[in-house]
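Asker: Chain residues, written in single-letter form:
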Amino acid sequence: MYRLVQNEVVKMLKKKRLYIVLGILLVMISAFAYGQYHSLDRTREQLTRRIGMTEAGDWRKIAEQQIIDMKSRLDSPYINEQNRSTTRVRMEQLQYYLDNNINPVDISGARFTTRFIEQSIYLFLPLLMILLAADMVSGELAGGTIKLLLVRGVPRWKVLLSKYLALLLLELNVVFFTLLISVAVSGIFFGYGGWTEPVATGFQVAAGQLVTSSVVNVPQWQYLLMVYGLAYFVMVVVGTVSFMISVLVKSTAASIGIMLSTLVSGSFLNSFLADWTLPRYLFMVNMRLTDYISGSLRPIEGMNMTFSLTVLAVWMAAAIVVSFWYFSKRDILV
Amino acid sequence: MVGVFMNEPVLQLTNIYKKIKGKDILRDVNLSVYPSEIFGFLGANGAGKTTTIRIIAGLIKPDLGKVTIGGFSLDSDFVRAMSQVGCIIESPDMYKFLTGMENLQQLAAMSSRITQDRIDEVVELVGLQHRIEDKVDTYSLGMKQRLGIAQAIMGRPRLLILDEPANGLDPAGIAELRQLIRRLAYDEGMAVFVSSHILAEVQQICDTVAIISRGVILNTLKVKEIGKDVMVEWQVDKPSLAMELLKERWDIAAEQTGKNRVRAVIERVMAEDINQAFIAEGIRLAYCEAHGGTLEDLFLNLTGGDEIV
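Residue numbers (the numbering used here), protein chains in the order written: chain E, 1 to 334; chain F, 1001 to 1309.
By construction, these hints were calculated from the structure, which means they are not laboratory data.
Each hint should be verified, as a subset may be incorrect.
[What the hints assert, rightly or not] Here are the simulated lysine-lysine pairs, DSBU-like style, with alpha carbons at most 30 Å apart:
id, chain 1, residue 1, chain 2, residue 2
1, F, K1247, F, K1228
2, E, K158, F, K1224
3, E, K15, E, K250
4, F, K1096, F, K1066
5, E, K250, F, K1023
6, E, K329, F, K1096
7, F, K1061, F, K1135
8, E, K158, F, K1019
9, F, K1228, F, K1259
10, E, K329, F, K1061
11, E, K250, E, K14
12, F, K1247, E, K250
13, F, K1259, F, K1222
14, E, K14, F, K1023
15, E, K250, F, K1066
16, E, K14, E, K158
17, F, K1021, F, K1066
18, E, K250, F, K1061
19, F, K1135, E, K15
20, F, K1222, E, K250
21, F, K1061, F, K1023
22, F, K1259, E, K158
23, E, K329, F, K1222
24, E, K16, F, K1135
25, F, K1228, E, K250
26, F, K1238, F, K1224
27, F, K1066, E, K158
28, F, K1023, F, K1066
29, E, K329, F, K1224
30, E, K158, F, K1222
31, F, K1238, F, K1222
32, E, K15, F, K1096
33, F, K1096, E, K16
34, F, K1019, E, K250
35, F, K1021, E, K158
36, F, K1247, F, K1222
37, E, K14, F, K1019
38, E, K329, F, K1021
39, F, K1066, E, K329
Chain E with its partners taken away, still in its complex shape (with noise of 0.2 Å):
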């Protein structure tokens, strides 16, 4: 069994797509730090403009100013539902800070890498996971190599789990690697630093208001672990998925193809979600586990930590099972 693993790693390696994977992580994340650093020069310069020098050179002022601008926000007859009970958590959540004296504004290089992850768990890193998982069967199947495969006194059962066995462990590379990436850029804008900084965490929401009562404090570096291991329990289950439908489908563009609008339609189904209970089963809505613990998702009622953990292991394990049943049925025709 070791040994059909490794044979899938070196294949995955020779075929370079992990490299392109883990270059696409670097270009996007220098971005993404990029475009932090200088979105944070701008409010700065903003309030500069409207509360003075001294007054923005002091935090606690510029989140005060912040929850004045919300509170105006709230009061307009025209913003929607929607929006109205983001911002409302959003400002009870900064005022939480205010009063326990944690800094929410300036960016520490630990912070971006918290917020990287936070921002790319439902949409970026799933793809790059549909990348690599995507042709791992379908691949084969297209270059009719699936053959070698099955022609050599080793059931086929194992074959397909050496190759999920990779897939598992290539996925965790990319998150470890997103985690040092982001670590190393990240630093050169922001710093170093802010490994200790208190995060709070275990916000709640009930009736659309935010419930304070059972909030931590917890060091960056854990709160940093917490997060990074939910997205690669994440990514598991998309690469899980991904890694059926290219045992179902015979061609790795139509693999990719499917697996691509389903995470589309993922973040499209999410304005549904308040009014229309069905799609909350699906697994692409249940993704931003980190939003739970941060406490900036939008309040939804019946939907929190355990109902999206279970929807997403559901998820997982019956595709498991498919993924198994049908490979070891089907004819191989290639």
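Knowing the structure of chain E, use the given hints to seat chain F on it.
Answerer: Leaving out everything else, chain F in the frame of chain E:
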């Protein structure tokens, strides 16, 4: 090679039926291949050759029937059955982004008994030693075919399956391949199952040939015995007397095909006797011609000039 008995088939197919998308692809296919036997599987394109091979290699499951390899049932003892098989199925697809050597190493890693020495040995055997470190992407079809043969034989299988192995090889390569197959069968005792649509090739190297057409095996025979019977046509002045003679003396049913023409299938060695007898009985023999006696005649005869399905 313990426990191999020459009289026990390495490969046995019993009553194989297969339908794909509602179409009968194979109907009641039976065959046995013995150690040290080169078994030719002959059929037009679409006759069911590759489907049969896929069933033997476990890539598709028959609807009915049983495949046994080296005494193990393919269905219930897949691993032990397939461990004794080396094969090329249809085209020799390999990983294009790997070198020839990397391909072989990948596949060798899937079985426990293949060493690097053995890999080097088969590379030399198929004559690829100079290009083995190049990417398969740069190989010609003939070189891919050689690489395919190398991966098939490196595990010293008891059953070697070659699907259209001459595809893409030049005449010299085909001659080398023929020699290699003979060596594997007669020196190493492998059972070799070769499918082909090229008649001359089959007749040249095979011991036994099975002819398949539209999913049915029409005939299985020893190649040595082909050519024993020929169809002879005589131009004589007394056709009815000639036919009577054939019937009386040799119990051969002849037919009259023209005003002075008589035709019959006879054993080749009897032709002289018959001609002698005709003359002795006062039949004037204008000429006599023989048809057939090659695998091609037999094939066309059996399949009715099989069209490509």
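Asker: Each hint: holds or not?
Answerer: How the hints compare with the structure:
With a C-alpha separation of about 20 Å, the suggested pair K1247/F and K1228/F falls inside the 30 Å cut-off, and the hint holds. The hinted pair formed by K158/E and K1224/F fails the criterion: a straight-line CA distance of about 45 Å is larger than 30 Å. The suggested pairing of K15/E with K250/E holds, with an alpha-carbon distance near 19 Å, which does not exceed 30 Å. Simply put, K1096/F and K1066/F have alpha-carbon atoms about 35 Å apart, too far for the 30 Å limit, and the pair is violated.
For a cut-off of 30 Å, the pair hint linking K250/E to K1023/F stands: about 22 Å separates their Cα positions. Straight-line distance between C-alpha atoms of K329/E and K1096/F comes to about 27 Å, which keeps the hinted pair within the 30 Å bound. Note on K1061/F and K1135/F: the hinted pairing is violated, with a Cα-Cα distance of about 34 Å set against a maximum of 30 Å. Taking the CA atoms of K158/E and K1019/F, the gap is about 28 Å. The hint holds against a cut of 30 Å.
A distance of roughly 28 Å separates the Cα atoms of K1228/F and K1259/F; the hinted pair therefore holds under the 30 Å criterion. Pair hint K329/E plus K1061/F holds up; C-alpha atoms about 8 Å apart against a cutoff of 30 Å. Note on K250/E and K14/E: the hinted pairing holds, with a Cα-Cα distance of about 22 Å set against a maximum of 30 Å. Between the alpha carbons of K1247/F and K250/E the distance comes to roughly 63 Å, so the proposed pair goes past 30 Å and is violated.
Using a Cα cut-off of 30 Å, the hinted pair K1259/F and K1222/F is violated, with the two alpha carbons roughly 37 Å apart. For the hint linking K14/E to K1023/F, the alpha-carbon distance of about 41 Å lies beyond 30 Å, and the restraint is violated. This hinted pair checks out: K250/E and K1066/F have alpha carbons roughly 28 Å apart, not beyond 30 Å. Distance hint between K14/E and K158/E is fulfilled; the C-alpha atoms sit about 22 Å from each other, no more than 30 Å.
A threshold of 30 Å between alpha carbons decides the hint, and for K1021/F with K1066/F the separation of about 21 Å falls inside it, so the pair holds. Proposed proximity of K250/E and K1061/F is supported: the alpha carbons are some 19 Å apart, at most 30 Å. Between the alpha carbons of K1135/F and K15/E the distance comes to roughly 12 Å, so the proposed pair stays at or under 30 Å and holds. Between K1222/F and K250/E, the direct Cα distance comes to roughly 41 Å. Violation of the 30 Å bound is thereby established for this hinted pair.
Among the hinted pairs, K1061/F with K1023/F is consistent with the structure: their alpha-carbon atoms are about 15 Å apart, no more than 30 Å. At most 30 Å may separate the alpha-carbon atoms for a hinted pair to count; K1259/F and K158/E exceed this at roughly 72 Å. The suggested pairing of K329/E with K1222/F is violated, with an alpha-carbon distance near 37 Å, which exceeds 30 Å. With a C-alpha separation of about 14 Å, the suggested pairing of K16/E with K1135/F holds against the 30 Å cut-off.
With a C-alpha separation of about 50 Å, the suggested pair K1228/F and K250/E falls outside the 30 Å cut-off, and the hint is violated. For the hint linking K1238/F to K1224/F, the alpha-carbon distance of about 35 Å lies beyond 30 Å, and the restraint is violated. Between the alpha carbons of K1066/F and K158/E the distance comes to roughly 24 Å, so the proposed pair stays at or under 30 Å and holds. A threshold of 30 Å between alpha carbons decides the hint, and for K1023/F with K1066/F the separation of about 20 Å falls inside it, so the pair holds.
Between K329/E and K1224/F, the direct Cα distance comes to roughly 41 Å. Violation of the 30 Å bound is thereby established for this hinted pair. Proximity of K158/E to K1222/F is assessed by CA-CA distance (about 41 Å); at most 30 Å being required, the pair is judged violated. Restraint check for K1238/F and K1222/F: the C-alpha separation of about 37 Å exceeds 30 Å, so the hint is violated. For the given pair, K15/E sits about 10 Å from K1096/F by alpha-carbon distance, which is consistent with the 30 Å threshold.
Distance hint between K1096/F and K16/E is fulfilled; the C-alpha atoms sit about 13 Å from each other, no more than 30 Å. Pair hint K1019/F plus K250/E holds up; C-alpha atoms about 21 Å apart against a cutoff of 30 Å. For the hint linking K1021/F to K158/E, the alpha-carbon distance of about 28 Å falls within 30 Å, and the restraint holds. A threshold of 30 Å between alpha carbons decides the hint, and for K1247/F with K1222/F the separation of about 28 Å falls inside it, so the pair holds.
Using a Cα cut-off of 30 Å, the hinted pair K14/E and K1019/F is violated, with the two alpha carbons roughly 39 Å apart. Of the pairs offered as hints, the one joining K329/E and K1021/F holds, with about 16 Å between alpha carbons and a cut-off of 30 Å not exceeded. For the hint pairing K1066/F with K329/E, the CA-to-CA distance comes to about 17 Å; that is within 30 Å, so the pair holds.
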